[in-house]
Every structure is written in structure tokens, then in C-alpha cells.
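A.B. asks: Model the full assembly from the supplied sequences, consistent with the hints where possible.
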Amino acid sequence: MNKIWWAIVPVLVILFGLLGYGLTSNPKHIPSPLIGKPFPVIEGKDLNGNKVTLGVVNGKPTVVNVWASWCAACRLEHNVLIRGSRRYGDKISLVAINYKDELADAKAWLRQLGNPYLWSFHDLAGRAGLELGVYGVPETFFVNKQGIIVEKISAPLTDAQFSAGVALMSK
Amino acid sequence: MQGFISNYLVEFGHLAVFTAFILSIVQAAAPWLAGRLETPALARSGIMASYIVLILMTIGGATLIHAFVISDFTVLYVASHSNVELPLLYKVTALWGGHEGSLFLWAWILSAFTTLLAIQGKRLFPKRLPVLLSVQALLLLGFLGLILFLSNPFERLLPGAVAGRDLNPLLQDPGMAFHPPMLYLGYVGFSIPFAFAMTAMLTRWETTLWIGLIRRWTLFAWTMLTIGIMLGGWWAYYELGWGGYWAWDPVENASFMPWLLGTALIHSITVQENRRMLQTWNLFLAISTFSLSLLGTFLVRSGVLSSVHAFAVDPGRGLYILMFMGTVLVVSFGLFLAKGRVDPQREAMSSSMSREMLFVMNNVLFSVLCVLVMLGTLYPLALEAINGAKITVGAPYFNAVLIPFFFLVILLMGVAPATPWRNVNLSRLWSRLGMPMGIGFIAAVIMFVWDSQAHWFAFVGTGLVAFVLAAMLVDFYRNARRRAKQNNDNIVSAWFYLVKRNRRYYGGMFVHLGILVIAIGMIGSGLFRQEQVVLMAKGDVIEIGGEKLRFDGVKQFKKDNYFALQGQFALLGTDIVLKPERRKYPVQEAPTTESGIHANWARDVYFVIGELVDGRYSVHAYVNPLVQWIWFGGFIIVFGIGWSLSQRIREKRA
Amino acid sequence: MIKKIQKRLLMIAMLGFSTAVFSSPVNEDPIERQMLDIAAKLRCTVCQNQPVSESHSGLAGDMRNLITEKLKQGNNEAEIMQFFVDRYGDYVLLEPPQSGNGTLLWVLPPLLLLFAMIAAVMMMKSRGKNQTSSPVATLSDADKERIRLAREIDAGESKNSKETQ
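Protein chains in written order, with our numbering: chain A, -8 to 162; chain B, 227 to 880; chain C, 18 to 182.
Rather than coming from a laboratory, the hints here were simulated on the basis of the structure.
Built from N, CA and C at the ideal position, the CB exists for glycine as well.
Keep in mind that a hint or two might mislead.
[What the hints assert, rightly or not] On the chain C side, residues computed to face chain B include the following (Cβ under 7 Å):
#1 42
#2 43
#3 45
#4 49
#5 71
#6 88
#7 89
#8 91
#9 108
#10 111
#11 118
#12 126
#13 130
#14 133
C.D. replies: Laid out in C-alpha cells, this is it:
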């Protein structure tokens, strides 16, 4: 055979490498370009109507969790957040964005499952979500003291991810 | 007894398919065992096995269809893809409405092709037939293994579901009902050239002896694939409600790649038949085209690529299909590298400018197009694997990059038929193409004058289409006049005589004509579409693309398994009413849109009704010029292929 | 008589009124059009491979609203596109970027075509040099059979069958 045909071999190797990789990667995951950028300062109201500002809260590393009462995966994630807030207590601020939710539903949800957040920013129209590149709840941002986003998880958080995120924030 | 059989019908079907699996092992092993045991008669057992496998697969398919028709929700696959209220047609087509059933259909069609091959082979190539059937059986084994062990449509759900999950509403449409079988007839049909190529390399069977045989199989597979792709576009146009028919979605690309390479194969077979060249290339194309069919199946069925077509994703199945495809590709291309040169002699290219060289250019273009579609489809995956970044390669990219290549294809379509084999006399070529080129140029200028704001695709596309049409007419006229002179006949009847006599050539020309008609439709609808999104209350009138329509409110009703909200739009000046619908299928809770369309040869008025906003309905109105030409072009293509295949040839034994 | 004229006039007036109602069709809001043109270039990030302009998903709706809002604030298309790219990355663009991560996509196609054409021509030509024997002298039985078949098919047709087939 002509030597040029041997080009088939690398082509096949690359193709299979790619497809094999494709089987392991999640096609729905979008890496956030906001990692390493400052968290945008967004003003609004929490579920009780008090004025709040998203960003670094109380001068401490801040975890910003995006949730909604209509989101089934958030229910699974909730215990991780409760455990996380207990473990790290005052070392971090845990706040939330309540994403496209009715006030009553959101409050009932927190009453039922417990409220680990300092407050929940009420984002009825999803405007703050767009500002932060949110595409599906739950999502979680880890913001260090300087206000830089050091990590973003676009899936139900695990305990390990929570700890790893906090470690990154405190660096 | 009666009760016993009907209770266990699905198990019976399952058993039949399992038996088919065992028999396929026999069929695959037959020629090798025959060689080992030196009992040639054993090889022939593969033929009988292929018949029985088809019968067994048909039994399996029939029991599944039966389970769908009687709504037997103790069968998991039926429970998750059907519903008592589903119309009968969709109960039957729901068989391939999901992952398991689609794969079953694939295997079923493969067994049917294998049987047809056995029937043909018994007469024409009895000596090689066992090896051919062995290759087919190995492919079937790959699919049956997946069906039986990883995605079994015969699986029971005990206790049975009270009601079915219903078929995905998007699939409840005649276009989508027949899109998969057509696509699979195409994909699977390419297994025949593949099996021939494998057999040729394994048994040193000169390609010249069988290339004419695979031509018909390839044409058939290509036609089915074409129909499948067209049906998919037709479905997208009528059902998805965005006014378009092709979105360069990864799943669409998956079916387009084998189509492109299949087109190359058809043309290079013609070269080999006429000029005894490209033997090795043809082997390569035959293997590659089928490999791309497998790749298409893999991409769709494994969920590797994100896509609007939401299919069940299961990494185990994905891994299996990947391993299976890997095995097929490594074995076939390995064999190709080791033994790909089966023909001792070849003819040389005599001139740079000759019909064979233009055919080679055709092959270059279609192969490059295929690679580019693959590049665009897999690039995001590659990028993510390399540096974790994610980008989208969407329709704007494919349109911008690939359409110029298709222009070159159209250009070839005009030049090549006017160019003789072996060598061309340039002045003679000019005498044939000079006038068509002038006509093409004038057409492009007219288009520019008519709408100078249009995209450059419009001028170039129009010019090229006009050029090829003119070249085709000149060619028809030239041939008919010569014939008429010889026989003192009139030109029209001479032309009809030629069309009747030389079906292969004119069939091919009709296919080209169909492509041109589609190109006209695409230029019109792709570049001159008008679109408005407005809020309308009852009595409001909308004006778009020279048409006026009045909104006469909505009707609400329940039909079959859905609830519909139907807008009434009167096309003023006529008694035509457009009735776009929004449907809600309560079981699947998914809404679908049915566009309201009034079509004629010049344009489609295409309406989609949306949400109620402050007492007014959001209405998406389009005027899509020349869309119907696309479907009409599809019919011309099918007619052309049929005409070409109707040429009787006395087949020879090999 | 006068009454008749009055009646006529009334009818004409009514007719005029009714046609006036009909002849002022609803118009598309120009901002809406601008918004859709921009949205057509953005990918709906939750519904794979669908533009924001065509998606029914909630997120796409929010994105459309935001585009409209930004247009009303006087932002231009480039600024709006950049807003989304900053937050969702190049992923949100349906057309991949022509530099950086997308470079190869735009550079490769013409190169590939050029390479393939040159390779094809060279392979065909080099083959021509190696082959000196007359192909006619080496007709195989199969070819003879094929020629016979071809003649059978073309029987009664013009001698130029080579050119028309």
C-alpha cells in the first residue's frame, strides 16, 4: 500500500480518543469565564424585603448558592449546605440567590428544610442570574475576601466540593 | 394453550431474537469452518442461516409491534413509549421511538439486507457469498449483542404500568414516524458495499468483478438516506415551528456525513466502471462510508454530543457502541492497509482535464466536505479535551464555510457532463459551455439588480444554478439533435428515445436536476425569508411579504391524546385559513407547535402561534420563498435514481 | 331622496371606517426585531444547539428580555454580545470566534481543500508515469464481458455512447 494511506492510523486514534473522552465528559456543563474575575456587586432585596448587596458579605470569604423551590436537585443539595454552614460557622458567609421563585414558595421551602443562609437575594426575574452567567440551578460561587470568584460549581454541591471551595477561598 | 401463547408472546419474540444471535454466530463462522474442516458444503449453511435469521428477527419485531398495538404495559419499552390513546399509526412507529427499538430496527433491516444479498449472491457470486454473509453476520452480532445484553426492548415491567408514558409528542408526526426507518435503510444499505470490500480483501477478489454489483446497492442505500434526511428536514419544518428545515445539529450532521461520502462513492464507482481507475480508493470509500454510518449511530445513540434531539443516555451502551465501532474500524482499515491493493492493473490518467479528473475533483470535494462536517461537529469536543474551553459550532459557521464548497460542487455538475472521458478538446468544451456560462452570468446580474442588498451567496448561487441548468439543456439538445439527424426523427421524440435507452446517464442527470431544484429552494428560503414577531388581538391584520392575514381568534379542543389551541388566520383575498396549533400532551406534559402553512410554488406563508400576552397572542409570521421546491427536488431525485436503476443489465457470474 | 343619500354616505363612511381598521396592519416593534436579530446569534445555553431567538425555555426568555432592556438603554449589538460572552464564555456564540480557540475552524477548510486537490492530482499524475503498457492489451475477461454488456445496452444508439454515458 502507498505510504499515504497510513495517515488513516493517526486519524482513527484521534477519533477514538475523542469519542472516548466524549463519553466521560458532560455535554451540558459550561465552564464559567467568571472564575478569577471580581464578583459583580448587585443590589436588591432579600425574601423579607430587606436591602442586601451581593458580593463579599461581612468582609469574609463568601459562598453564594443559587437555588429555587421548584428545583428538585436543590433539595438534594440542601443538606450539604446545612452541614457546610455548621462546619465553617463564622469563618465564611453563606448567602443565596433565590432564583425565579415566588416569595411564599421560597419561604415555605426554607421553613421546611431549614435555612443555612444569612439571607436569600430574591431574584424573581432571573436578572441577577444572567449577570452571573447562571444557566441552571443549583449553582454555587465561591468568592474570596478580595471579592474574586475562585470557583463555580454548576451542579448539586457535594461535601467534598464545599470543603475544596472553602479551601480555595481562604488561600 | 391460546392464553399461554398470548401471555408469553414477548418472551417468544425475545427467544427468537436470541436464536437469531446464535444462528448469526453459525453464519459468521461457516466459511472459516468449511475451510478448516474441508467440507465446502458447510459454507452454504450460512445462506440458510441468513434466511432464518430474518424470519426470527421478523418474529421478534412482530411481537413487539403486537405489544404496542394491544398496549401491553407489562413490557417496559411499550410502557415508556406508548399510551392507550396513541393513534394506531404511532403505536406501530413507536417501535423505533426510543433507544432499544431503534437499535432493534437497525438489526432487523440489516438481517433483511443480508437475506437479499444471499438471494442475489446465490445466482451471481456463489463462491464468495459465504464470506460476504459472514461479514454481514458479524455486524449483526454486534447489534444483537447490544440489544440482548444492554438495551433489551423485550424487558418486562412487573407489575405492569397502568398507563403508558406516551410517545415523545415531537415524534408523533408522519415525517418523524418514517424518518428513522429510511435513515436506517440508508445506513444499513452501506453495509453491503462494506461487506464486498471486506470480502474482496480477504479473498483477493478483483474489484472490477463486483464494482458493478455494488453500484445498485449503493444507489439504493444513498436514495434511502436521502429520503430519510429530507423527511427529517420536512419534519423540522412542519413540526418545530422555527421556519427552517436544517439546523446543522450534530444529529443531523451524523446522517449527513455518510450521505456526503456515499455521494463520492457513487461517482467514483462510475469512474472505475468506465475507466478502470480508483480501485483502491473505492475500497477505502466503501469502508469509510459504512464506518460513518456506524459513527452516526454512535453519535446519536451514545449522547456524546449535546443536541436538541434528546435521546436516552447510558454510558454503558455508549461504551459498547464505541468498542463495537472501534473493532469494526480497526479490523476493516487494518485489512485495508495490509491487503488493500487487490487489483493488479490500473489505467493511467491521460490528461489533467478530462471527465475522470473532474470525477476525482468531485470525490475530493465531497470527501473534504465530509471531513469539514466532522471537524465542525467534533471540534468542540476536541477543544474541551485539549484545554477545557467550550465553544459552540453552530449553523452560522457551517453555512459560512460549507456553502462555498457546495458552489464548487454545482460548478462541477455543469462542467463534468460536458467533458469527455480521457481527454478534452478545450475549444469544443468552450462551444458547449460558452452559452451556459453567459446565461449564468446574466442570471447573476439579474439577481443583483433585483436585490443588490442580498448576500453574495444569492448572486453566485443563482448564477451557478442557471449555468448548470443551461449546460444540461445544451447537452440534452446536442444529443437529441444528433440522434434526430441520424434517424430523421424530430428532436423531442429523439430526446425521449435517448432518455428511455440510456437510463443510467439520464437518471443521473435527473438526480442533478433534483439537486438544482433543491438549491433553488434553498437560495430562496435561506436568503430571502421574511419574518415578523407581533402581538395580535382578534381582528388584527398583519402584512408580510405582500400577503395580508387577519387573526380571527382561537379555537380550543381535545383530539386523540392531546389538547390543542388553534389560531385562525384568514389569508385576505382568498378563503384560505391558516391554523397554527399549540398542542399539549398531558401524559408527557410537553407542548408542541404545529405551524399553520399555506404553500404554493412561490412561497410558504408560515404562522406559529405563541403565548397569550396581555390579551393578545404572540404570533411568529414567516414568508419563506420557494420552500416547496426543496421537497419537489427530493421527488425528482428519487425519480432519477429509480430511472437509473430501471436500466436492465444482464448480470454476470463472478 | 336625501335620506337615501344620507344612507349611502353613512355606508361609505362605515366602509371607510372598517377598511381603515383593516388597512392598518399590526407592525413589528423595531426594537423587537433588533432583539431577535441579536438573539439569533446567541445559543440558548440550556437547550442544546438552539438559538435564543427560537427557544421556549425560561432562560432564553430572560435573555431576550435583557437584550430588549439593553437596547432601550442604548446599548449596541456588540456591547450586548460582549455582555453575554463575559458571563457565559464563547459557548454562548453560535458562530465560533475567528481567533483564539476557534482559529483552526476557519483556517483549516481552505487549506484542506488545497491539500486534497494537490494530493489527488499528484497521485493521478504519478500513476500515469509508472504505467507505460497499453491498457488495451491487458483487457481482462471481466472487462471484455463488460464491454459486451455495454454494447448490448447501447445497441441501436449513436456511436458516441462514450460521451453520453
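A.B. asks: Work down the list of hints and note, for each, if the structure agrees.
C.D. replies: Each hint tested on the structure:
1. 42: Hint on residue 42 of chain C: holds, closest Cβ of chain B at ~4 Å, below 7 Å.
2. 43: 5 Å, holds
3. 45: 4 Å, holds
4. 49: With a closest approach of 6 Å, the residue 49 of chain C hint holds.
5. 71: It holds, given that the least Cβ distance between residue 71 of chain C and chain B is near 5 Å, below 7 Å.
6. 88: 15 Å, violated
7. 89: 17 Å, violated
8. 91: 22 Å, violated
9. 108: For residue 108 of chain C, the interface hint holds, since the closest Cβ of chain B sits about 5 Å away, which is under 7 Å.
10. 111: Nearest chain B Cβ about 3 Å off; hint holds.
11. 118: 5 Å, holds
12. 126: With a closest approach of 5 Å, the residue 126 of chain C hint holds.
13. 130: 5 Å, holds
14. 133: 5 Å, holds
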